[in-house]
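Asker: Each residue of the sequence shown is one higher than the one before, starting from 1 at the first, in the UniProt record's numbering.
Bear in mind the hints are in silico, worked out from the structure with no lab data behind them. Heads up, the beta-carbon is just placed ideally off N, CA and C, and yes, glycines get one too. Possibly wrong hints are sitting among the right ones.
[Stated by the list, open to error] Cross-link-like lysine to aspartate or glutamate pairs, in silico, DMTMM-like; alpha carbons within 25 Å at most:
(1) K337 to E318
(2) K375 to E270
(3) K156 to E146
(4) K129 to D314
(5) K188 to E172
(6) K129 to E270
[What the hints assert, rightly or not] Label pairs and their calculated CB-CB ranges:
(7) L345 to K309: 41 to 47 Å
(8) V428 to K387: 21 to 27 Å
(9) K394 to I419: 27 to 33 Å
(10) N187 to Q268: 19 to 25 Å
(11) Q268 to E427: 21 to 27 Å
(12) S365 to K188: 47 to 53 Å
(13) D435 to P335: 30 to 36 Å
(14) E315 to N187: 54 to 60 Å
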Amino acid sequence: MSRIKAEKRIISLYVIMSFLWILLSDKLVNWLFSDAELINYIQHIKGSLFIIISALIFYKIIIEEMDKLREAKEIIKEKYEEVEAYNEELMALNEELESVYGNEHRLNNRLERIIDLVSNITEQKIETKDDFLSYLFKTISELIPEIDSALLLESKDNQLCLVDKLGTKFEELEEITIDQQGLNFNNKIIKSTQTKKILTEKINQAEVRDLILDSNDQLILNISFKDNTIALIILTVNQKKFNLQDEQILISLINLSKTFFNVKEYIQLEIDFEKEIILSFIKILELYDNYTGRHSLEVAELSKKLAQKLKLSDEVIEQTYWAGLVHDIGKVGIPRKVLNKAGRLSDEEYEQIKLHPSFSSIMLSKSEKLKEISKYVLYHHERWDGKGYPEGIKGEQIPLVSQIICIADAWNAMTTDRIYRDKLPREVARQEIKDNRGKQFAPQIVDEFLEII
């Protein structure tokens, strides 16, 4: 905009000067001189003088405009340099933000994996030590993706043996055996220098040792168990070294390992304690009814065996065992003279006996731990054909666990001595089971049961 104004100013000045020069110079010459020849000469000089004066004036104006233009260019250059500097700062900031976002995203992923591991521990989705170590091994490789290779070793007969591996360098590796003596570091991380010393001293297989040591950095995780067995996880990286954050994550995982096994031990203690209480109750029940105590233990074991044959889940197998163990506790509600009667029961006495599944279920439903199996106990005298008790349900309406306890209960009743009769021979009892296939017992249950007795 300023450039256009400058051009207009120069043109306007030139036009005004030209008109003024023409008008005034002619009048001035005619006023000063009268000689025509002299006037003609001055007219020639006047044109040249106009050009010189115009050139000087325009030179000054152009120089001023050029100076302004140079100043403007300098300002523009400075502004451009400022913009460039700002742009570089923005690019650096953007790179920093991308780095921060990348780190945050990575930390979030790590946190999610750790939370997932904790969740699986607390919800008991991981049952065994081997399952836990395999899951931990996989989790470590996901939390630290820079890991190039890894080995999972576990104690077997005082030797550390290969359980799992990660990385192309170990693809051909089939076996590692390391003497575990002196390798129990009580749940610690062993760093590079010490790692090399341990590997050099303990691994006799030179090719394996060289494969591990042929890396930029190594770490060993030591996980110790109360039975004096250990597990080692050997990690290697090539493009970097393990940093403090990596080590902190691994320490957290070791602490989680200790938590896992403490939780498992506590749960097992709780189960053992509950089992002792129930067994004590059954022993007391045995004083009340000479037959029930031993019978309950045998039914529990046989029911568990059948549940395993049916390939039921570990949880259902455990429930089957407990249901078999407590299926007759309701007999404490039946008069002792009826339970221990040597002769045939009257109809009234039999009706009293038929109440014991309901009594058992009511007693179990009062316990937070046992109420889940109360329905299995309630229906363990129901028949496949619907002629059982207490509700007369039939077929698939009867819970599978109840079907299992039903046949185990009947088998034990037939093959043990009772106060009112001697036990049946095994082949006679087997035939009785076959004869009641699809009547008293579920057909599939009979077929599987006959294979385990």
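Asker: Tell me, in ascending order, the numbers of any earlier hints that this structure violates.
Answerer: 1, 3, 5, 7, 11, 14
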